[in-house]
Every structure is written in C-alpha cells, then in structure tokens.
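S.K.: For reference, the chains in residue letters:
There are 2 protein chains.
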Amino acid sequence: MAKENQFVEQIADINADFPQWYTDVVLKTKLVDYGPVKGTMVIRPYGYAIWENIQKILDARFKECGVENAYFPLLIPMSYFTKEAEHVEGFAPEVAVVTVGGGEELAEPLAIRPTSETIIGSMMSKWIQSYRDLPMKVNQWCNVMRWEKTTRPFLRTSEFLWQEGHTAHATAEEAEAFTLTMLGVYKEFMETCLAIPVLTGRKTEKERFAGAVATYTMEAMMKDGKSLQSGTSHYMGQNFAKAFDIRFLGGEGVLETAYTTSFGVSTRLIGAIIMTHGDERGLVLPPVVAPMQCVIVPIAARKEGVIEACEALEAELKKAGIRVTLDKSDNSPGWKFNEWEMKGVPVRIELGPRDIEAGKMICARRDTLEKTEVALDNAAERVKDLLASIQKDMLEAARKRRDERIVYADDMAGILAGVEAGNFVKAGWCGCRECEDKIKEETAATARVFAEGESRETCAVCGKKAEHVIVYARAY
Amino acid sequence: MAKENQFVEQIADINADFPQWYTDVVLKTKLVDYGPVKGTMVIRPYGYAIWENIQKILDARFKECGVENAYFPLLIPMSYFTKEAEHVEGFAPEVAVVTVGGGEELAEPLAIRPTSETIIGSMMSKWIQSYRDLPMKVNQWCNVMRWEKTTRPFLRTSEFLWQEGHTAHATAEEAEAFTLTMLGVYKEFMETCLAIPVLTGRKTEKERFAGAVATYTMEAMMKDGKSLQSGTSHYMGQNFAKAFDIRFLGGEGVLETAYTTSFGVSTRLIGAIIMTHGDERGLVLPPVVAPMQCVIVPIAARKEGVIEACEALEAELKKAGIRVTLDKSDNSPGWKFNEWEMKGVPVRIELGPRDIEAGKMICARRDTLEKTEVALDNAAERVKDLLASIQKDMLEAARKRRDERIVYADDMAGILAGVEAGNFVKAGWCGCRECEDKIKEETAATARVFAEGESRETCAVCGKKAEHVIVYARAY
Chain H
1 MAKENQFVEQ IADINADFPQ WYTDVVLKTK LVDYGPVKGT MVIRPYGYAI
51 WENIQKILDA RFKECGVENA YFPLLIPMSY FTKEAEHVEG FAPEVAVVTV
101 GGGEELAEPL AIRPTSETII GSMMSKWIQS YRDLPMKVNQ WCNVMRWEKT
151 TRPFLRTSEF LWQEGHTAHA TAEEAEAFTL TMLGVYKEFM ETCLAIPVLT
201 GRKTEKERFA GAVATYTMEA MMKDGKSLQS GTSHYMGQNF AKAFDIRFLG
251 GEGVLETAYT TSFGVSTRLI GAIIMTHGDE RGLVLPPVVA PMQCVIVPIA
301 ARKEGVIEAC EALEAELKKA GIRVTLDKSD NSPGWKFNEW EMKGVPVRIE
351 LGPRDIEAGK MICARRDTLE KTEVALDNAA ERVKDLLASI QKDMLEAARK
401 RRDERIVYAD DMAGILAGVE AGNFVKAGWC GCRECEDKIK EETAATARVF
451 AEGESRETCA VCGKKAEHVI VYARAY
Chain X
1 MAKENQFVEQ IADINADFPQ WYTDVVLKTK LVDYGPVKGT MVIRPYGYAI
51 WENIQKILDA RFKECGVENA YFPLLIPMSY FTKEAEHVEG FAPEVAVVTV
101 GGGEELAEPL AIRPTSETII GSMMSKWIQS YRDLPMKVNQ WCNVMRWEKT
151 TRPFLRTSEF LWQEGHTAHA TAEEAEAFTL TMLGVYKEFM ETCLAIPVLT
201 GRKTEKERFA GAVATYTMEA MMKDGKSLQS GTSHYMGQNF AKAFDIRFLG
251 GEGVLETAYT TSFGVSTRLI GAIIMTHGDE RGLVLPPVVA PMQCVIVPIA
301 ARKEGVIEAC EALEAELKKA GIRVTLDKSD NSPGWKFNEW EMKGVPVRIE
351 LGPRDIEAGK MICARRDTLE KTEVALDNAA ERVKDLLASI QKDMLEAARK
401 RRDERIVYAD DMAGILAGVE AGNFVKAGWC GCRECEDKIK EETAATARVF
451 AEGESRETCA VCGKKAEHVI VYARAY
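Those sequence lines, one after another, are chains H and X. Going by the working numbering, the first sequence opens with residue 1, and the numbers climb by one from there. Going by the working numbering, the second sequence opens with residue 1, and the numbers climb by one from there.
Please note that the accuracy of each hint is not assured.
Here are the simulated lysine-lysine pairs, DSS-like style, with alpha carbons at most 30 Å apart [unchecked claim]:
{"hint": "1", "chain 1": "H", "residue 1": "63", "chain 2": "X", "residue 2": "318"}
{"hint": "2", "chain 1": "H", "residue 1": "465", "chain 2": "H", "residue 2": "440"}
{"hint": "3", "chain 1": "X", "residue 1": "56", "chain 2": "H", "residue 2": "56"}
{"hint": "4", "chain 1": "H", "residue 1": "318", "chain 2": "X", "residue 2": "319"}
{"hint": "5", "chain 1": "H", "residue 1": "187", "chain 2": "X", "residue 2": "28"}
{"hint": "6", "chain 1": "H", "residue 1": "126", "chain 2": "X", "residue 2": "319"}
Partial chain X-side listing against chain H, Cβ under 7 Å, derived [said to hold, decoys possible]:
{"hint": "7", "residue": "34"}
{"hint": "8", "residue": "370"}
{"hint": "9", "residue": "374"}
{"hint": "10", "residue": "376"}
Taking CB as the label site, the calculated pair distances span [unchecked claim]:
{"hint": "11", "chain 1": "H", "residue 1": "318", "chain 2": "X", "residue 2": "251", "range": "46 to 56 Å"}
{"hint": "12", "chain 1": "H", "residue 1": "325", "chain 2": "X", "residue 2": "27", "range": "42 to 52 Å"}
{"hint": "13", "chain 1": "X", "residue 1": "382", "chain 2": "H", "residue 2": "388", "range": "33 to 43 Å"}
{"hint": "14", "chain 1": "X", "residue 1": "224", "chain 2": "H", "residue 2": "149", "range": "45 to 55 Å"}
{"hint": "15", "chain 1": "X", "residue 1": "27", "chain 2": "H", "residue 2": "245", "range": "17 to 27 Å"}
{"hint": "16", "chain 1": "X", "residue 1": "358", "chain 2": "H", "residue 2": "377", "range": "51 to 61 Å"}
{"hint": "17", "chain 1": "X", "residue 1": "373", "chain 2": "H", "residue 2": "318", "range": "18 to 28 Å"}
By construction, these hints were calculated from the structure, which means they are not laboratory data. Glycine residues also receive a C-beta, built at the ideal position from the N, C-alpha and C atoms.
Chain H with its partners taken away, still in its complex shape (with noise of 0.2 Å):
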C-alpha cells in the first residue's frame, strides 16, 4: 500500500476537496507556478507543451477558414474603450493602467489590452476601403490582462494567453454565418481533440460579451458539476463598426457599415482538461494533446538486453510520430508508475525480461487503468491504435458522465436542489432580467447557455409562461 499512501500524500482527495485537488495537480505536475505579482501564473513546460498542441491544431483549422495572423499592440489608448458604451462599461474596471514610460509621466494613460476590439477595429477601419477589401479576417496568439480579484491558475488569472479572432464583413447573415460557423470549428476541436463535450448555444443578455448583439458559448461540465466557459464566438452586429469607422464603398458605390465577430479561446482550456478527466491519481491526458502520448518503464533494468529493447521500442514509437519518453532514470518502477500516472501520460508501457523473451509489452492505458499485454511485433501501430480508443473512450466517458447530470426542474427550490447535487438543470425562463437575477442570487447558478429546441411550460420563477429553457449551472 505503499505506493498508494504516496498518492494520498501528494494530492488531496478529488472527492472530498475538489478545489484543493485541482490545486495540487496543477503545481505537483510541474504545469503551472505561482508568479511573484499576485494572481499572475508561470506556464511551465509540461503545461506550456499542451498549448502548443493546443495551437498547433487550432491555428491550422482557423487558416482553413481563411483567418490570417497579425499581432496587435499589447497598449491600447484609454480613449478608445470609450467608444463603445457596453464595452468600456464592462472592460474598464478591471484594466491595468500604464501610466509611465521611459521615466516619464505619458500624456494619455494606456491600457494593457484585456482583450483587442477597440485597436482591431481601429486598424480595420484604416484598412477597409471597398467591398473587395472584405471579409477580413484576422487572429493573434497573444497575452491579454483582466486585473481579478480572485484568482487560480488556469481559469481565471490577472495574465493569461489566448486567440482572438477579428472579422469584418459586408453583410450581417454572412458575418452572423460565420459566428457560427468558429463555434462549430470550437466544438469539433474541444470534442475530438480534448475530448470534452460541451453545450453550445447562445448567451443571455445578461451574460453576453461587452459590446456584442449575440454571444454563442461552450459550457463544459467540470467533475464537481460547476460549468466551464470554454470559449466564445460573437457576433457584434454594427456596433464596433459604427464605433471605430468600419467603412467600405459596396458594390454600387454607396459608403456602408461593415459588421464584425470576435472568438477566442484561452489557456483556461488547460483548466477544462484538467477538472473533465482528472482522478483521485492525478492528471489523466487526451492522447491528441498530451505532451507526452507513451513512457517506457524498464523492468529490472539491469538485466541484459532490457535498456538495449526499451531503446529500440522507443525509437520505432518516435518514428511512426508517436511522442514517447523512456523512463531511464534510477527510481523504482513503482515510483515510476505513480509519477507518471500523476503526469497523466494515456499509456505506460511496461517492459521487462520475461515480457521481451515472450515477445510482449505490457501497455497501462491511463484513463481507465486497465492493463492489457500487447505483441512487441508492429508494436507502433498497436499503440497508436490503442490512442485513438483511449482518445474515443475518454469523450465517451466524459459525456456519459455530464448526461447523467442534467437535469430539469420546474421551481426555484429544483434549480437549487439540482445544482447543490452539481447538476446542470434545465429550466424554463420568461425572458425577464428580474427571473434571471433572483435565480443567481438564491442558488449561486448562473444561465450558462440557451437549450436550444427545448420547450418548457412555464417559467421557474415567476411561473409565467416560458419563452425559452435554460441550462442554469454554478459556473467558474
């Protein structure tokens, strides 16, 4: 029992305190740091390898639908939040001000961005002139800085990384279709690459981005039942064209308003990874991200031919494309196992005397701890094949797990019921503010997303009819 002590050593119990579970994890891991300015994070290798992975794959798929890179200035002049009401009424509290530079006091105070819509849209209205000019879409990979009060690596810090995408277009159907159409890159990403399943649909007004006519979300359901906001695709009709001077000369030479979107995703995905598959061992990884798919662990080391046969798997795992590390150092196989079962590397291999005269492996997949004995022989393909399952089982499992947590309720004292148990709870909504703000104030849960074609009777709270049905759910 030895070996499982040293877990309960490291990591808290994911059952009993699921927040300090997630805070182990993410320092005991070597993901993440605490910086030395408050609620700021360092992205440690191992963690910073899964954003990259993250980008990789995103980055192509955006190029796809003909988004092209730029890089915008990280300070944007106060003045511009200004110009869009909503916007600088929900940016501007929680911004970082510079206010010196090169020793001297500056004449406008600047603003770290918390996110580009103001100096975007500026650039576009200067590079905008006709309708052949049009769409334009653009995206940066770049820091963004919200000063928060309350912080935790990962899902909400005063710094963090993300993609912005900026479009403008001619009209508001094809910029509306293209909203739309993020979302859909978004979803089919966080479901086969992340393998998280996540409800997407449309924001309340309450809930909708600064600025924008409609903002269409991701909600994943994280292994306490709270809901993740794993990313967001807006459509903000006229209202940062008309702001910015978004104009072009359209086909028959009248001057018109373009429309425009923004999506993002952010290093809060590595949050989502972690609190959807995670365990009372650790992290547990999707193949497709994982930093490292496969680690070699020799057993009895020292006997003859045991490196010489670990190193020879490795390199035919590593050519066929798989990211695998043999696991040479001094500790024992069981320290081994635990450190990378923590590490939540998909699966361990096993190799040992016994195992490399019966021509075998011994593969522990990570997500469900099973261990089965693989043929050596063509052994890349195998493990590239038992990827791909664990890769399927893991959203499989995932979404398993979130079905069976929605729930509907039909009054307040449901909503709270279903959330205290760390439901999703589907319920009706008049469509009022007041409904929506009194369920916020007596269960904590927020409306995280319409359910789109779901019909109720009547409204939850005040019992009127229902125009719509909500998934309300405590959110991070």
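Guided by the hints, dock chain X onto chain H, whose structure is given.
M.R.: Here is chain X on its own, set in the frame of chain H:
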C-alpha cells in the same frame, strides 16, 4: 515605361533615400502599419507570416538543443530590477510602468518586461534544488517593451516580439559552451534560412548586455553599409544566479551557485531581411521564410484552358509543399508583375496559351530578375530546384556585397572615411574605454564585434600597441 513609373511613384529610390525606401517598402507591401500609440507597430498578416516561418524553424532547432518552451508573466515587480546592479542601470530608464490595476493604485509599481532575466531567475531559484535539476533550459516566445525615443518598424519599436532563452548550468564551462552553441544555431539559421551572412563574436564591455559577463553578437551589413545587431547570446556568469539565489546541492552535497545564460532574436530579423536583400522594386524574400514562394500569373487568362492549366499547376506545386498562390484578379499581367515583385515573392510563373501549347512556363526569379523557360513536365521539382538555387545565390550575393565593403584602417581618419563610405572598418584597439568612446564621438561608429583571430600593430586612436582588432560600423 508605365510599369517603371508605377514603381517610382510607390517607393522612394533606394540609392537616393534609403530610410524613406525602407518606410515605403514596409508600409506598401503591408508588412506592418503604425499602431495608435507612438512607437508601436501592427504586424500585418504578410509580415506576421514571415515571423511564423522564422519561429517554426528556430523553435525546432531550440528543441533539438534540449530547450523547452514556457511562459513567464508580463509584469515584473520594479524591485526585481534593482537586484542586479548593471541590469537596473541598463533597463530602468526605458521601462513602461503599470501603476493602476482594477481601478486602484498599486502598492508596488510593476514593470512591463523589457527582458525576463529577473523574473526567470527568481523562478529558477525556486525550481532548482540539486545538480539533477541542471541544466535547466527554457525559452519563451513573447512580447517585450522598451520605451524608445526614436522608433522604426521592426528595427526599434516600443513593443516587439521575440524569443528569449534562459539556461542555468552547474559549471562555468558548460554555460559558456552553451552560449556559443546558441550563437552557432543563430548563425546557421541566418545564413541558411534568411540568406544573411553575419559576423559573429564577442562584444566589448561597453556594448555588452546589462548584467552579462560576455555578450556574443551577430552583426549583419545592411545595404546602406550600416550594421544591424541581429541576435545575441549572453554568458551571465553568476551575476544573476547570485542576485536571485539560484543555488543547487552539488554531487558532493555542497551548496553551489549556478551559471546562467540568455539568448534572443526578435522581429528585428524581418528588418534585416528587408535591408539585406531589398532593391529598387521592393522586397526580395528568401524562399525558406517567404510567406508565398511562388505566384502564378495567367497570361491571356480568358483564352480557353489558361485558367485550368494555371489551377492544375497551382495544385501540383501545392501538393509538393510549395507555398504558391494563383493571381486570378482582374488586374493586368503588368500590374500583377509589379505587385508581386514589390512583395518580394521569389518566383513568378507566367503561363499563357503559347506556353501551354509548348509545354513550358516562364519562371522569373525575383532576386536576379532573370526569366527562363522551364518545362511544365515535372514542374514541382523544377520549381523546388529553382527556389533552392535562389536561396543559395541570395546568400552568396549578400556575402559578396558585404565582403567588398569590409576595409581596414589604421587611424581615426581612415575609420571615418570607411564608415562614411558605408563600410565595416576593421582597426586595431588598445582595449581602453577612452579610445572606444572617442571613435563613437568622432565617427558615429561603434565597436560592433571583436574580429577574433586577427591582429593589427597599433590602436587606431591612441597609437599604442593593439590588443584586439575591432569591427567598427555605424549601426541601427
């Protein structure tokens, strides 16, 4: 002559007004635009695509050297800068300072990183405990900020993008060796990927990085004869390790102090490409990093079969991994030639009815403006060969231009005449700061790099015995 006139209108004469030529080229080819805050730049998609190609190649090379990517916070407590005496002196005057966050005055002002030795040093101190943790090699791709009075896109802007690698080692020998390894990686990259020959070597004490024991530089000659410092690799000795307490338990159980290094290149490299290869028609991009390597211009596009043949060729080249675009716009071929020449695309293919009939295409090289007939059969291989030749020839041409402009001088008048004529001037130096200062005062040239392995009799300033040979040049 209409075509020629079009150039004249668009871009200043490179021989008459090099600075204006540079500004015209970067703006008109849409590499970059000015940001709203003075001294900032927006890197537009065409410029950013070059940076992406640079990143991809360098990042892979860093990883081969065991360097892992990470991300450290943007904001650094001001007090960190004061821990290393030279460092604070070098960087404090050009720091941008955040004094307000979330609507409140901050207790301690925070610097936007001008470079990250201090914050990474403080984290390494936490992460490094024993010799087993060494060497530690991290890198980040990020934005940094230095408040500059005089700015120019890519060359000197208040914010720029770069990579900064930081390593810690158990011994001075290993750290020094790694400093030179990274200099070698840079030099090889500059020559084979950017086709830019560089002089590499140590900087004088006056010119070295604030806080380093030794700074190694790459100096490239721009077409106006000025030098551009294109990248640096620093050996820090124990300066930062002492300031930030980076200590480790050695193999013998004794607490020892680590040795650190850092190395970086930035978006300045895009400026180096422009000013090394550009000509009177605009950009000339090296194929390895060109966003588009090849453009196909249909001739008599409305004639039957032309567009189809162009599309088939485009598909064939794309399939072979060539970055190719087919210009199907309504503009005339002459207009397209000018446009793509200005944008520096390495190969232009002209394909019209007669070419198709003859089974040929016209390939125009951007670097030499040479046009040749090339068989359409096996086109991808032929274009690849041509791109490889261009890449090689661009380096050789740049090397020849540079080597012809490296001269020797034995006195101040000789140095002045040399740099006035747009040369790099090699001259003897006694080694004292006074003589170095005097050269800067009287010639506006600075000591760019030690010319290792060379010797001269006397110092060009004081006439005393020369201890070193220095390459002097005016610089960006």
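S.K.: Output the indices of the hints that this structure fails to meet, ascending.
M.R.: 5, 6, 7, 8, 9, 10, 11 and 17
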